[in-house]
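Novice: All chains, full assembly: derive it from the sequences and hints.
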Amino acid sequence: MNNVKLNKSLIPHLSLAAIIFAGTFCSSDIFASDISQSLRNNTEQDSDSEDYLEVGLMIRVRDSQTFKSSNGRGSYTSTSLFINGSYTWNNLFIENYSESGHGLVLGYNAFASDDWSLDLMATTGWLKVSFENDGRYSPDKNDELMVGGRLSGYVGNNIVQFAINQDATGDHNGTTASALIGRNWQLRNWNFHGIIGVEYASAKLNDYYVGVSDENAARWDNLDAYKAGESVSFSTELGVTYPISEDWVFRATGRAVTLPDAITDSPRRRSKKSVATSFHTSISYVF
Amino acid sequence: MIFLKKVANTDKTSKQVLALKFSTLLCTTFLFIATSVNAAAVSQGSEILNNVIVSKVMPSNAQPLAQLKVTPKPCVALRKGQKCYLEVNFSWQHPQVSDYCLVNTTTSKIIKCWQQQGHGQFNLDFQSKLTNDFSLRHKASNKDLASTQIPVAWVYKSSKRAKSTWRLF
Chain A
1 MNNVKLNKSL IPHLSLAAII FAGTFCSSDI FASDISQSLR NNTEQDSDSE
51 DYLEVGLMIR VRDSQTFKSS NGRGSYTSTS LFINGSYTWN NLFIENYSES
101 GHGLVLGYNA FASDDWSLDL MATTGWLKVS FENDGRYSPD KNDELMVGGR
151 LSGYVGNNIV QFAINQDATG DHNGTTASAL IGRNWQLRNW NFHGIIGVEY
201 ASAKLNDYYV GVSDENAARW DNLDAYKAGE SVSFSTELGV TYPISEDWVF
251 RATGRAVTLP DAITDSPRRR SKKSVATSFH TSISYVF
Chain B
1 MIFLKKVANT DKTSKQVLAL KFSTLLCTTF LFIATSVNAA AVSQGSEILN
51 NVIVSKVMPS NAQPLAQLKV TPKPCVALRK GQKCYLEVNF SWQHPQVSDY
101 CLVNTTTSKI IKCWQQQGHG QFNLDFQSKL TNDFSLRHKA SNKDLASTQI
151 PVAWVYKSSK RAKSTWRLF
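Chains as they are written, first to last, in the working numbering: chain A, 1 to 287; chain B, 1 to 169.
Bear in mind the hints are in silico, worked out from the structure with no lab data behind them. Glycine included, C-beta positions come from ideal geometry on N, C-alpha and C. Do not take every clue at face value.
Stated by the list, open to error - Here are the simulated SDA-like pairs of lysine to any residue, each with C-alpha atoms no more than 25 Å apart in a straight line: (1) B:80 / A:90; (2) B:109 / B:119; (3) B:80 / A:171; (4) B:80 / A:116; (5) B:143 / B:116; (6) B:83 / B:156; (7) B:83 / A:171; (8) A:128 / A:51; (9) A:128 / A:187; (10) B:157 / A:88; (11) B:139 / B:157; (12) B:157 / A:247; (13) B:83 / A:238; (14) B:80 / A:157; (15) B:80 / A:156; (16) B:80 / A:187; (17) A:128 / A:171; (18) B:83 / A:253; (19) B:112 / A:128; (20) B:157 / A:83; (21) B:83 / A:244; (22) B:83 / A:158; (23) B:80 / A:109; (24) B:83 / A:155; (25) B:157 / A:171.
As the list claims (entries may be wrong) - Distance ranges between label pairs, derived from CB positions: (26) A:153 / B:142: 48 to 54 Å; (27) A:285 / B:121: 33 to 39 Å; (28) B:157 / A:89: 14 to 20 Å; (29) B:105 / A:57: 37 to 43 Å; (30) A:89 / B:72: 36 to 42 Å; (31) A:57 / B:115: 51 to 57 Å; (32) B:143 / A:111: 19 to 25 Å; (33) B:105 / A:287: 32 to 38 Å; (34) B:108 / A:57: 41 to 47 Å; (35) B:121 / A:250: 43 to 49 Å; (36) B:109 / A:125: 53 to 59 Å; (37) A:94 / B:143: 50 to 56 Å; (38) A:81 / B:87: 29 to 35 Å.
Specialist: Given below as structure tokens:
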């Protein structure tokens, strides 16, 4: 049953992903003549992250599905402070990037070559900055501790990354697996980047966040029991980074994430939007 | 000193305030010294006027002969190793009308020459990964009459990419 639902839900999402994919790479072609620094040329092929710290102020605008328990707002604007930084000691690292959509990450670089790097890591929800609501957020379920790995590779002018993560809290034992490809290009001092990706989420994980147990369905009049299946979703991101001075950086990023039927079919959801979008802009001070 | 004595007689909170102010004073002094040292290191015989480094070559009678300045600066790129882009304006003057050239001494290339002029301006689309030095010279000479530079700086001092910035999920 879940497989049928998965295949059915993939059709509109694949169409959207195809449009996003085409749009992203057509854009890249347009800017291709302006690419003065490719990924390979402007970076060392080194597995270590840069040790640095920055604090910033971010404004987020997002449009996404809503909870039945919420006030019905599908979009809103918020302002928040954020911290970005990383520190590497031997092969151990600690990092936090607000743009990643993750919280604090602790990891170990297990393998590194000129073009590939493998990290084993634990991803937490601490210091997490949320963008679009992909369905995996609930005020009473914000604990997050995932363990897994990510394999990053430099292929031509692109960066590819494969990641797999498993819940370590024991709350749901869910699993995610993702693959993405990204590239950047420099137009004078403006640094543009584009990323597209696909993610698989297990039924256990989806059900933890959007499922409705028989007990809860019996407790609430307007809530039917629901067991979520596994899902596949697609994402894209386009952004720009500009160095205002040696210490200040400006960023602006737009993102879109498809919402699978496993999420939108949940009776806990008020709207049935199939795409969640967000835009955020920030200014940060780099120490 | 009077201020210090007065504060010394007050309570612990005031001492902390004093310590804070003293620290601020020390930091300000340190920054002032550091800025001065930096400015001196940029180009010997330079002075800072409205955040513009003006370079002068001083003759034996201590009268400035030539001036060369460039605005704005520095050029800032996001990451070390990236090419930096900046639209700059050079302006120069010399008390003697003659043939002069603006030279990029880092690349040893002549940017522009003027004939029978005592002053001039030139807009340049600066593009470089490195700090570049510039000089005003007589057309038929390699002697620097005045010098200045466009420093290239970066926000992220390492050329290593923070790989996790590429995560999407």
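Novice: Now, for every hint given, state plainly whether the structure supports it.
Specialist: Status of the hints after comparison with the structure:
A distance of roughly 22 Å separates the Cα atoms of residue 80 of chain B and residue 90 of chain A; the hinted pair therefore holds under the 25 Å criterion. Taken as a hint, the residue 109 of chain B and residue 119 of chain B pair is honoured in the structure, with Cα atoms around 20 Å apart against an allowance of 25 Å. The hinted pair formed by residue 80 of chain B and residue 171 of chain A fails the criterion: a straight-line CA distance of about 44 Å is larger than 25 Å. Note on residue 80 of chain B and residue 116 of chain A: the hinted pairing holds, with a Cα-Cα distance of about 22 Å set against a maximum of 25 Å.
For a cut-off of 25 Å, the pair hint linking residue 143 of chain B to residue 116 of chain B stands: about 18 Å separates their Cα positions. Restraint check for residue 83 of chain B and residue 156 of chain B: satisfied, since their Cα atoms lie roughly 13 Å apart, inside the 25 Å limit. Note on residue 83 of chain B and residue 171 of chain A: the hinted pairing is violated, with a Cα-Cα distance of about 49 Å set against a maximum of 25 Å. Only pairs whose Cα atoms come within 25 Å are accepted, and residue 128 of chain A paired with residue 51 of chain A is accepted, the gap being roughly 19 Å.
With a C-alpha separation of about 30 Å, the suggested pairing of residue 128 of chain A with residue 187 of chain A is violated against the 25 Å cut-off. A distance of roughly 15 Å separates the Cα atoms of residue 157 of chain B and residue 88 of chain A; the hinted pair therefore holds under the 25 Å criterion. Note on residue 139 of chain B and residue 157 of chain B: the hinted pairing is violated, with a Cα-Cα distance of about 38 Å set against a maximum of 25 Å. At most 25 Å may separate the alpha-carbon atoms for a hinted pair to count; residue 157 of chain B and residue 247 of chain A meet this at roughly 11 Å.
At most 25 Å may separate the alpha-carbon atoms for a hinted pair to count; residue 83 of chain B and residue 238 of chain A meet this at roughly 22 Å. Our distance criterion of 25 Å between C-alpha atoms is met by residue 80 of chain B and residue 157 of chain A, whose separation comes to about 18 Å. Simply put, residue 80 of chain B and residue 156 of chain A have alpha-carbon atoms about 21 Å apart, close enough for the 25 Å limit, and the pair holds. With a C-alpha separation of about 16 Å, the suggested pair residue 80 of chain B and residue 187 of chain A falls inside the 25 Å cut-off, and the hint holds.
Taken as a hint, the residue 128 of chain A and residue 171 of chain A pair is honoured in the structure, with Cα atoms around 19 Å apart against an allowance of 25 Å. Restraint check for residue 83 of chain B and residue 253 of chain A: the C-alpha separation of about 23 Å stays at or below 25 Å, so the hint holds. Distance check on the hinted pair: residue 112 of chain B and residue 128 of chain A sit about 54 Å apart at the alpha-carbon level, beyond 25 Å; violated. Taken as a hint, the residue 157 of chain B and residue 83 of chain A pair is honoured in the structure, with Cα atoms around 18 Å apart against an allowance of 25 Å.
For the proposed pair residue 83 of chain B and residue 244 of chain A, the alpha carbon gap of about 15 Å is at most 25 Å, so the pair holds. The hinted pair formed by residue 83 of chain B and residue 158 of chain A meets the criterion: a straight-line CA distance of about 19 Å does not exceed 25 Å. For the proposed pair residue 80 of chain B and residue 109 of chain A, the alpha carbon gap of about 23 Å is at most 25 Å, so the pair holds. At most 25 Å may separate the alpha-carbon atoms for a hinted pair to count; residue 83 of chain B and residue 155 of chain A meet this at roughly 22 Å.
For the hint linking residue 157 of chain B to residue 171 of chain A, the alpha-carbon distance of about 41 Å lies beyond 25 Å, and the restraint is violated. As the Cβ distance of residue 153 of chain A to residue 142 of chain B is approximately 50 Å, the hint placing it in 48 to 54 Å holds. Our hint of 33 to 39 Å for residue 285 of chain A and residue 121 of chain B holds, since their Cβ atoms are close to 35 Å apart. In this structure the hint that residue 157 of chain B and residue 89 of chain A lie 14 to 20 Å apart at CB holds, the actual value being about 18 Å.
Range check, residue 105 of chain B to residue 57 of chain A: Cβ separation about 42 Å, and the 37 to 43 Å hint holds. Separated by about 39 Å at the C-beta atoms, residue 89 of chain A and residue 72 of chain B satisfy the suggested range of 36 to 42 Å. Between residue 57 of chain A and residue 115 of chain B the C-beta distance comes to about 53 Å, which sits within the given range of 51 to 57 Å. A C-beta distance of roughly 57 Å is found between residue 143 of chain B and residue 111 of chain A, which places it outside the suggested range of 19 to 25 Å.
Taking 32 to 38 Å as the suggested C-beta distance range, the pair residue 105 of chain B and residue 287 of chain A conforms, at roughly 34 Å. Hint check: residue 108 of chain B to residue 57 of chain A, Cβ distance near 45 Å, so the stated range 41 to 47 Å holds. The hint said 43 to 49 Å for the Cβ distance between residue 121 of chain B and residue 250 of chain A, and at roughly 30 Å that hint is violated. For residue 109 of chain B and residue 125 of chain A, the hinted distance range of 53 to 59 Å is satisfied, since their beta carbons lie about 55 Å from each other.
For residue 94 of chain A and residue 143 of chain B, the Cβ-Cβ distance of about 55 Å falls inside the hinted range of 50 to 56 Å, so the restraint holds. A hinted range of 29 to 35 Å for the beta carbons of residue 81 of chain A and residue 87 of chain B is consistent with their spacing of about 34 Å.
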